[in-house]
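Mapping of the sequence shown onto my numbering: position 100 corresponds to residue 100, and the numbering continues sequentially without gaps.
Simulated from the structure, these hints should not be mistaken for lab results. Treat each hint with caution, since some may be false.
What the hints assert, rightly or not - Below, a list of computed lysine-lysine pairs in the DSBU-like style, where the Cα atoms sit at most 35 angstroms apart: (1) 263 - 18; (2) 107 - 18; (3) 160 - 101; (4) 240 - 101; (5) 123 - 59; (6) 23 - 58; (7) 168 - 23; (8) 101 - 58; (9) 240 - 168.
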Amino acid sequence: MILAKLRLKRNVQKVLNKRPTLKSTEITDGSIQFKFLSEFEGLLNNDWFDAEYWLSLKKVTGTSKGRFTTYFIETDNNNDESVEMVLRHYYRGGLVRHFNKDKFIFKNVTHSRAYLEFELLAKMWEIGLPVPRPLACKVKHHSLSFYSNDILIERIAGAKDAYNLLLKKELTPNVWNEIGKTIRLFHDNNVFHADLNIHNILISNQTDITLIDFDRCEFRLSSDDWKQSNLERLKRSLLKEKGLNSNFHFNEQNWHELLAGYKE
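Start from the sequences and build out the full structure, keeping to the hints where you can.
Structure (structure tokens):
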């Protein structure tokens, strides 16, 4: 086993600093359904989910490239406040992606990947967990009972993903400790992250940790088994990157520092 079995007390939801309820609106336009925060009412339309639209307006402030490209965008809400957004399209994984790039089987809008992630992010944000606000999502129904979808989420100001930071330098023991504490915070609130890897951990203000990419994630009944599995997945991710990049700054001591924070 990658980890010794962690013996943790069964925790009730940890009390967090709750935030205001996010008010949202839903609109149907033919085969497309939108869900978005009320602060974008009267502004948001189908173009908002098209990177070319934002590029034409010179509103794209950056990109993040993995298997596909994610776009960073700056715009205003209906209160004339500047908002930084991340535009992400949902793509298929596994072998299916070779013949079906981005279509999913349609049941109803509330079961779509984007809608579920929007709802989960909203609930986590409201109870005080360190996640970005969901801003808007789009679900397009295609023929033959398929759909495609996109999501816009808030960009965390000044945040860098831990993977790219580790390619450049070592993280301090305190940062590893904070990563562990943050993961424990999600686990204590029974949040299962389906893809907890080093790419989905953001660091800002030196020690502020945010988790991202909650596609296929959910609230679960508390269980040491899935929490343990979550941690093991993260360590596999770290070891994989270490194997692929000789300059990736990770060692066993770092993992112990993370676990020390997790077990506090």
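Verification of the supplied hints:
About 23 angstroms separates the Cα atoms of residue 263 and residue 18, which keeps this hinted pair within 35 angstroms; it holds. Simply put, residue 107 and residue 18 have alpha-carbon atoms about 33 angstroms apart, close enough for the 35 angstroms limit, and the pair holds. Between residue 160 and residue 101 the alpha-carbon distance is near 28 angstroms, which keeps this suggested pair within the 35 angstroms criterion. Taken as a hint, the residue 240 and residue 101 pair is honoured in the structure, with Cα atoms around 25 angstroms apart against an allowance of 35 angstroms.
For the suggested pair residue 123 and residue 59, the alpha carbons sit about 29 angstroms apart, so the restraint of at most 35 angstroms is met. Distance check on the hinted pair: residue 23 and residue 58 sit about 29 angstroms apart at the alpha-carbon level, within 35 angstroms; holds. Simply put, residue 168 and residue 23 have alpha-carbon atoms about 40 angstroms apart, too far for the 35 angstroms limit, and the pair is violated. Between residue 101 and residue 58, the direct Cα distance comes to roughly 28 angstroms. Compliance with the 35 angstroms bound is thereby established for this hinted pair.
Using a Cα cut-off of 35 angstroms, the hinted pair residue 240 and residue 168 holds, with the two alpha carbons roughly 17 angstroms apart.
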